[in-house]
Amino acid sequence: MSILAERIGAAKAEGRAALIGYLPVGYPDVDTSIEAMVAMVEAGCDAIEIGVPYSDPGIDGPVIQEAVDVAVRAGVGIPDVLRAVRAVAHAGAVPVVMTYWNPIERYGVERFATDLAAAGGAGLITPDLIPEEAGEWIAASDRAGLDRVFLVAPSSTDARLRSTTEASRGFVYVASTMGVTGARDTVSDAARTLVARTRQARPDIALCVGLGVSNGDQAAEIAAFADGVIVGSAYVREMLEGRGAEGVRALTADLAEGVRRAGVPA
Amino acid sequence: MTTTSPPQTGELSLPARPGWPDETGHFGIFGGRFVPEALIAALDELTEAYEAMRVDPAFLEEFARLQRDYTGRPSPVTEVPKFAEHCGGARVLLKREDLNHTGSHKINNVLGQALLTKRIGKTRVIAETGAGQHGVATATAAALMGLSCTVYMGEEDTRRQALNVARMRLLGAEVIPVTTGSRTLKDAINEAFRDWVTNVETTNYVFGTVAGPHPFPAMVRDFQRVIGDEARAQVLEREGRLPDAVLACVGGGSNAIGIFTAFVPDDGVRLIGLEAGGDGVDTGRHAATITGGSPGVLHGARSYLLQDHNGQTIESHSISAGLDYPGVGPEHSYLNDIGRAEYRPVTDAEAMEAFALLCRTEGIIPAIESAHALAGAMKLGQEVGPDALLLVNLSGRGDKDVETASRWFGLGDREDVDPGPGLDTEQQPTEGAVSNDEAVAGQDAGEEL
Chain A
1 MSILAERIGA AKAEGRAALI GYLPVGYPDV DTSIEAMVAM VEAGCDAIEI
51 GVPYSDPGID GPVIQEAVDV AVRAGVGIPD VLRAVRAVAH AGAVPVVMTY
101 WNPIERYGVE RFATDLAAAG GAGLITPDLI PEEAGEWIAA SDRAGLDRVF
151 LVAPSSTDAR LRSTTEASRG FVYVASTMGV TGARDTVSDA ARTLVARTRQ
201 ARPDIALCVG LGVSNGDQAA EIAAFADGVI VGSAYVREML EGRGAEGVRA
251 LTADLAEGVR RAGVPA
Chain B
1 MTTTSPPQTG ELSLPARPGW PDETGHFGIF GGRFVPEALI AALDELTEAY
51 EAMRVDPAFL EEFARLQRDY TGRPSPVTEV PKFAEHCGGA RVLLKREDLN
101 HTGSHKINNV LGQALLTKRI GKTRVIAETG AGQHGVATAT AAALMGLSCT
151 VYMGEEDTRR QALNVARMRL LGAEVIPVTT GSRTLKDAIN EAFRDWVTNV
201 ETTNYVFGTV AGPHPFPAMV RDFQRVIGDE ARAQVLEREG RLPDAVLACV
251 GGGSNAIGIF TAFVPDDGVR LIGLEAGGDG VDTGRHAATI TGGSPGVLHG
301 ARSYLLQDHN GQTIESHSIS AGLDYPGVGP EHSYLNDIGR AEYRPVTDAE
351 AMEAFALLCR TEGIIPAIES AHALAGAMKL GQEVGPDALL LVNLSGRGDK
401 DVETASRWFG LGDREDVDPG PGLDTEQQPT EGAVSNDEAV AGQDAGEEL
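Note that the protein sequences, when read in sequence, are chains A and B.
Just so we're aligned, residue 1 is where the first sequence starts under the working numbering, counting upward by one.
Just so we're aligned, residue 1 is where the second sequence starts under the working numbering, counting upward by one.
These are calculated hints, taken from the structure and not from any lab test.
One or more hints might be untrue.
Here are the in silico distance ranges between beta carbons for each label pair [unchecked claim]:
id : chain 1 : residue 1 : chain 2 : residue 2 : range
1  : A       : Gly145    : B       : Leu144    : 37 to 43 Å
2  : A       : Arg86     : B       : Asp399    : 55 to 61 Å
3  : A       : Glu136    : B       : Gly412    : 35 to 41 Å
4  : B       : His309    : A       : Arg243    : 44 to 50 Å
5  : A       : Glu136    : B       : Gly280    : 32 to 38 Å
6  : A       : Arg243    : B       : Asp44     : 50 to 56 Å
Just so you have them, the derived chain A footprint on chain B, three or more residues with Cβ under 8 Å [what the hints assert, rightly or not]:
id : segment
7  : 169 to 179
8  : 267 to 278
9  : 288 to 299
10 : 307 to 321
Cβ coordinates follow ideal geometry from the N, Cα and C atoms, glycine included.
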């Protein structure tokens with residue numbers, strides 16, 4: 001069984017949604033970003049979405065872009081990402097890597113799958129890789145026993161919800177709104193609708209909601225209907241504003257309280 | 001996607017497509033769709049609407065009318081014998097896309113995509129632009145068809161191409177300078193995709209070249225292939241034969257695909273794409289994607305691109321804003337790998353030499369982009385000899401480049417401009433060229449520009 005699904009299932013058994021926090025490797029430098037990830041684990045994240053820095057992050061808003069630009073210029077690459085994966089696994093959370101496709105293709109899909117599995121990584125979240133283009137990754141992840149998290153969006157048709165969830169393992173990333181990453185004041189009703197539609201398409205896979213969640217109240221709102229809550233830009237903001245490990249620890253405490261407030265998802 | 005021509009209605013007809021891409025937009029291993037799921041529905045909608053539109057007689061009639069009455073098609077073919085004296089004696093014909101309304105081939109594609117936008121009921125268009133030619137063309141079509149228009153342009157390019165920024169604003173478009181990344185075309189494309197994913201319900205992305213996710217490479221090719229369809233018939237009519245080679249500059253590659261497509265089945269016709277070699281491919285400061293890059297994924301498709309060992313896009317360099325792009329359309333990657341087309345680099349200095357030469361010998365100021373194709377003809381002519389017939393796509397006019405050229409050649413009295421390298425140091429008359437007084441020489445050429 002997928003270690004991601006297992007961890008999300010364990011959270012559910014505790015009567016709460018899972019909390020997944022995102023940080024890119026390498027902002028402001030590799031060591032500091034890894035320390036922050038470990039702090040997030042200690043403060044209550046069930047999984048860490050470890051971001052591979054990329055020069056052209058098409059689905060990311062200005063906050064994440066600013067941080068990854070620094071990491072890209074510093075030459076941060078897959079070996080640094082694998083270090084972060086080992087650190088997160090050692091700290092006791094599930095490491096899952098978030099990456100645009102080209103860095104993986106450049107490193108070698110098969111080689112990456114082997115190295116990620118050896119480092120203790122659960123799998124990949126791929127924001128610009130749809131299952132139709134993912135033949136090589138699907139084969140490699142099957143061989144290495146890795147999860148593959150594809151995205152669904154409010155604009156996905158029912159047919160695509162079925163085929164995309166069918167190709168996914170671990171969980172499905174439910175993109176709550178049409179748009180790029182970034183904290184929002186309100187998390188759209190579209191998220192609730194999309195979770196319901198996706199659950200209908202495939203009832204037996206965990207659904208985690210991302211894009212726009214930035215505080216405990218929003219996390220509680222999402223946790224009422226989803227299996228997991230994904231927080232990205234709010235964490236990156238803590239790093240950009242120099243609050244580092246202490247900042248992400250405090251944010252995690254707020255979010256972890258939020259996912260517990262809501263009770264077990266329907 | 002069908003690979004043969006559809007049943008024809010009425011008098012208008014569409015030429016047969018080449019046997020690619022496949023129905024999911026793949027040219028061999030290249031192309032496809034590497035985009036966020038949120039955009040798939042819009043791309044599907046666009047594909048479906050486009051496939052219906054391209055066989056709709058009402059659309060074909062409207063498109064043909066606009067091309068004739070608004071753009072001024074067909075564009076002529078001009079023989080340039082004095083320029084050709086610098087091409088080893090080969091004969092050179094120019095396909096004059098510079099004479100189109102708005103000054104380049106970009107209008108061909110934009111009119112098609114603007115009609116498509118109206119057909120799918122969207123009221124706003126967005127576009128990326130490098131040199132500003134596609135932005136101007138999109139702003140023009142938006143004004144003509146009553147669409148609201150936002151153009152993303154790298155901040156660096158808004159400085160290099162200030163004239164085109166003013167043109168777009170005069171036409172009613174909003175121009176947003178992009179300050180992320182390298183502040184050039186690639187970052188403008190990223191910003192345009194971000195806008196699109198956020199506003200897709202009201203907005204259509206009018207993509208400017210044969211790159212990006214399916215259906216853009218095939219659709220833009222179909223709208224641009226009029227260049228080669230016309231040119232092939234024009235050359236056959238005036239010469240009774242096909243050209244030996246067809247040359248075009250390649251950034252994203254839309255003017256090149258536009259002129260190549262009709263000739264793809266003609267095995268005897270060499271297809272040659274000229275990439276921006278910048279300071280020289282071996283210096284690392286260039287935009288010669290196929291010559292100096294490797295296959296990867298950028299901006300929604302797999303193709304050749306300039307990337308480092310981590311898979312990060314490398315910033316490109318070219319004197320030509322329109323070629324200053326680290327990617328290339330997937331069909332070019334495919335044509336290269338199957339050996340049907342050749343791709344060669346042309347340095348900034350070689351392009352500027354050809355630029356000055358065409359000005360001086362023929363009274364035509366080419367776009368610096370197109371000057372790369374002219375420089376390619378000068379070299380190829382030396383290789384193939386005097387009986388060869390070369391067809392060069394003059395994809396745009398050079399009005400927008402006058403400032404850049406003035407700096408390059410050290411023209412003018414302004415003290416605040418960096419004169420840059422002059423012709424006197426950069427240009428050696430080609431061996432076997434005509435007498436020195438006819439060859440362009442240094443400051444001399446400059447003063448007359």
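- [ ] Starting from the hint 44 to 50 Å, judge whether the C-beta atoms of B/His309 and A/Arg243 obey it.
- [x] At roughly 33 Å between Cβ atoms, A/Arg243 and B/His309 fall outside 44 to 50 Å, so the hint is violated.
Task: Proximity test - 8 Å, beta-carbon atoms, the segment 307 to 321 of chain B to chain A, at least three hits - done: Held - the segment 307 to 321 of chain B has 6 residues with a Cβ nearer than 8 Å to chain A, which meets the minimum of three.
- [ ] Check whether three or more residues of the segment 169 to 179 of chain B sit with their beta carbon closer than 8 Å to a beta carbon of chain A.
- [x] violated (count 0)
TODO: Hint says 35 to 41 Å; check whether the CB-CB distance for A/Glu136 and B/Gly412 agrees.
DONE: violated (55 Å)
- [ ] For the range 50 to 56 Å, tell me whether the beta carbons of A/Arg243 and B/Asp44 fit it or not.
- [x] violated (43 Å)
TODO: Hint says 37 to 43 Å; check whether the CB-CB distance for A/Gly145 and B/Leu144 agrees.
DONE: Violated: the Cβ-Cβ distance is about 57 Å, outside 37 to 43 Å.
TODO: Take the C-beta atom of A/Arg86 and the C-beta atom of B/Asp399, compute their distance, and say whether it sits inside 55 to 61 Å.
DONE: Holds - the Cβ-Cβ distance for A/Arg86 and B/Asp399, about 58 Å, lies within 55 to 61 Å.
Open item on the list: Tell me whether the statement that chain A covers the segment 267 to 278 of chain B is true, taking a Cβ distance below 8 Å and needing three residues at minimum.
Closed with: violated (count 0)
Open item on the list: Quick check on a hinted range of 32 to 38 Å for A/Glu136 and B/Gly280, using CB atoms only.
Closed with: Holds: the Cβ-Cβ distance is about 35 Å, inside 32 to 38 Å.
Open item on the list: Tell me whether the statement that chain A covers the segment 288 to 299 of chain B is true, taking a Cβ distance below 8 Å and needing three residues at minimum.
Closed with: holds (count 4)
Going down the numbered hints, you'll see the structure goes against 1, 3, 4, 6, 7 and 8, while the others check out.
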